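Trainee: Given next are the chains, with one letter for each unit.
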Amino acid sequence: MLKQRKALSVPYYLWIALFVIAPVFLLLYQSFQNIDGSFSLANIQTYFTSTVYLTMTLQSFLYAFVITVVALLISYPAAYFLTRAKNKQLWLLVLILPTWINILLKTYAFIGILSQTGAVNQFFEFIGLGTQPLLFTRLGFIIVATYIEIPFMLLPIFNAIDEIDDSMVFASRDLGANEWDTFRSVIFPMSMSGVRSGVQAVFIPSLSLFMLTRLIAGNRVVTLGTAIEQHFLVTQNWGMGSTMGIVLIIIMFVVMFLTGKRRKGGQRG
Amino acid sequence: MIKNNKASTMYLLIVFILLYAPIAYLIYYSFNAGGTMNQFTGFTWEHYQSLASDTRLITIALDTLRVALLSALAATIIGTLGAIGIYYAKLRRTQTILLSLNNILLASPDVIIGASFLLLFTLVGFRLGFYSVLLSHIAFSIPIVVLMVLPRLEEMNTNMLTAARDLGASQLQVLKEIILPSITPGILAGFFMAFTYSIDDFAVTFFVTGNGFATLSVEIYSRARQGVSLEINALSTLLFLVAMGIVVGYYFIQKQQRQRKKTAQIDPTNHEKAVTP
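From first to last, the protein sequence lines are chains A and B.
Using the numbering used here, the final residue of the first sequence is 518, and nothing's skipped along the way.
Using the numbering used here, the final residue of the second sequence is 1724, and nothing's skipped along the way.
With the rest of the complex left out, here is chain B (with noise of 0.2 Å):
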């Protein structure tokens, strides 16, 4: 393997720093007593004192969370039942169209979908609020879902399922003790990612969210138009500490299935991984 140079590891050094220099700037100055994002006057814990006593802040951060799990949860409900829907369908053309339906929405960008889900809001007179921004979060969330079980799908043993069928078990049997379990990993996964684009959301929120309601991003959205707090600033110091462990976590998880994945391959009794290199 050929290994950087001097120069080369320099570059690398230099996107990381510019990636993380706003990041680093935000932080910096949430601890800034002279209350501007410039002018660095001397340490306070003021603006974290300020959030923890913001009591509209506070009730719009568990409201997000409250969205983003209810909207992961039944997300990965629908997704996992349709990418076993679209698994079992019979004729590979209905597949190809199904899963194209499905990566509409991802690809579509988030104004589109706001703005075509205030339409369809509207026309069937749903109120805006807290419902439909949910609704809309498991809308496009399924998507991912979807995408994650999939995989884990196509990847089962399938004798395992004749396998089951011949001993008798009914349909319902064969989902819960083989398919659920196998694919339980893609599931999770997909649970999380739905649950980070819940938490993320702007756009499309910004759009169904209506007057009563409002997640942090529409809160920080309309904060920001307003000038700088510093306020935002030690949220987003908190965010990025909740944001980073969230990652951590998730990467360790991986590395830990990989690491199970290996042993199963080396596993002789396992016929199919011995025969296929």
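Next comes chain A alone, as it looks inside the complex (with noise of 0.2 Å):
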């Protein structure tokens, strides 16, 4: 009978073992092959001796935490907001439903709109200030992805005010203070848990976006997943690929490590 119910959960087991713990494994040992089969620690020298290379990521990871800053500097005030707002659940249903629609079709409006002709420049025209070229530029990268990032930045840390108990706030202000102090010694060290799930679900992203570097940036911009990409699909370099897939897997684990759940604090579960 036990057997029975245990089998059932096969499938789920060979899923980890071939698509979570073999790929991993694959891309380590795939990262220690130089670029003809045999075994070298060859890309891992030539990543941390290049310049090229160390340029690259230490740039990829400024844009993601410039992309990160502007999201947050945004979304924070509307989440506050939002969580008083009449309708709230309508209209956080709204400021999500962007994240709905496909990134590349999102992306893909940015093509017209930041253009040399497009809605942005025949504004600044319009105000005097001239034509300014913005596609196929860093500005023209750093705006789009922030643009699609702001969604992910807003639900988590809308979820952390919102679950703050109002008594808290009527307490402080019946305490005597005013909205700006309540704000600041109250709700937000409260949503800073928000804050961090939504630094985790914005910044490892803005690592890794190639086709938004690829189309709005042209080539001007190359972070960790346009390197990537560009090493296993057009250069066929698989070894070099796999090794900066490992150092944006460890990013990963540093950023995680750094954002995750803190058990200090004045929160309990």
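Hint data in this document are derived by calculation from the structure and do not stem from the laboratory.
All figures in this text were calculated on a predicted structure; none of them were measured in a lab.
Yeah, the Cβ is synthetic: ideal placement off N, Cα and C, and Gly gets one too.
Among the hints, a few may not be true.
In silico DSS-like cross-links for lysine-lysine, where the CA-CA straight-line distance does not exceed 30 Å [claimed, not checked]:
| hint | chain 1 | residue 1 | chain 2 | residue 2 |
| --- | --- | --- | --- | --- |
| 1 | A | Lys337 | B | Lys1702 |
| 2 | A | Lys355 | A | Lys337 |
| 3 | A | Lys355 | A | Lys335 |
| 4 | A | Lys335 | B | Lys1453 |
| 5 | B | Lys1623 | A | Lys255 |
| 6 | B | Lys1453 | A | Lys337 |
| 7 | A | Lys335 | B | Lys1702 |
| 8 | B | Lys1537 | B | Lys1453 |
| 9 | A | Lys355 | B | Lys1537 |
| 10 | B | Lys1537 | B | Lys1623 |
| 11 | B | Lys1702 | A | Lys255 |
Some chain B residues near chain A, calculated using beta-carbon distances under 10 Å [unchecked claim]:
| hint | residue |
| --- | --- |
| 12 | Ala1508 |
| 13 | Leu1565 |
| 14 | Val1695 |
With the hints in hand, could you dock these two chains into one complex?
Mentor: Here you go:
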């Protein structure tokens, strides 16, 4: 009887072995191979001694950082105001809905909006700034990536603020704190868990958005994701691609560790 | 409750406009007779007509739907059984390990998933095409199904299971008559999420698709690389309407379920709910 039940979960365990554990080891194995297929540390050596790879990684990191910070600055006030809006669930749904639209279509829209004669430049002409290059620039990449990531930042922050008990806010007001004090010493500290998951949800994908860099930034921006895609699908240097994949995984774990749940602090559970 | 003042409502409105402006822009120019995305010269349905006669794109759309339905179905079955496996795992440590393994793919960037699956398919000599895309979509959809089903299992009233066993039900009967009915909402939510994951995926598909097979995302990418074509605008209008429909439908199903749950809480015969506040 018990065996029957266990047998039902076998496909799931097979999935774990084949599609979760095996791929990670394949990536590791591949990164220890040079281009003719024998074992070597060449890839890792090249990666850590070549200024090209190291600057690329650093730049990718900086882009992701800027995107995360801008997304946070825009989303936090929005999430805060959202929790106090009349129909907050409906508002939330409306602000989250753009994530349900294919990312490539949203990116494609910006090819029109940011182009030489697009909407933004028409506006710049109108207010007398003149036409600015936006498409195929770093700024264009940051704008589009931030646009795409905002809802992913907004949702966890909204949830964190929304979970704060109203009586906390009222207590603080009763005790004489004004709105700003209440925000600074009650709401903001208690919403940090949401900020952390938002940062996690935005930073890691920002390192790997290769289609954005290709469509919006031309070849001006190379992120880790772009480089990995290029090594796997264009230059066919899978060893080096895997090495960068491992680097990306390590960065991912570091970010997850830094933004992970902390046991200490005001919140329980 | 503190209400918003004018300034904060304005801020929300601005964010709303910023988020929707690009989508509105796409839809607006899908009716442009001018053929570009910046000078509106006149209204036309022409791009929708060319969309309707683009057999290549229609085939690709149907393929995308086929992959999404099949992968969501398979992922739901495997994921649900996996969640039941995790639920019954005896040691707490085993549960934690299984769950962390489960969540690896959810946290990994698409590029890593795509690249490592490509390595896997190449190693075993699997031909890239429809089946490699299907298998990859099943693989990255399973963890979300598990996450949707597991909370329902944990909410389940364990007394029901013991009672059924006492009354002589076999393991399979317990599964069929008690476990499955009580986790159905989780299973449906899992299927729904798996379906949308598959429809929206670009990066993983791009790595494992080879030459002969394309999904809508991959096709849009290769067309967008060649520049603006208002047929894509027409397509995005249609996809936007579909997405709206799905989300609104989902919202109402959830709302209904929330209401049903409330009535259960008032039910005085349900002791467990009455005792725990």
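Trainee: So which of those numbered hints doesn't the model satisfy?
Mentor: 8, 9, 11 and 12
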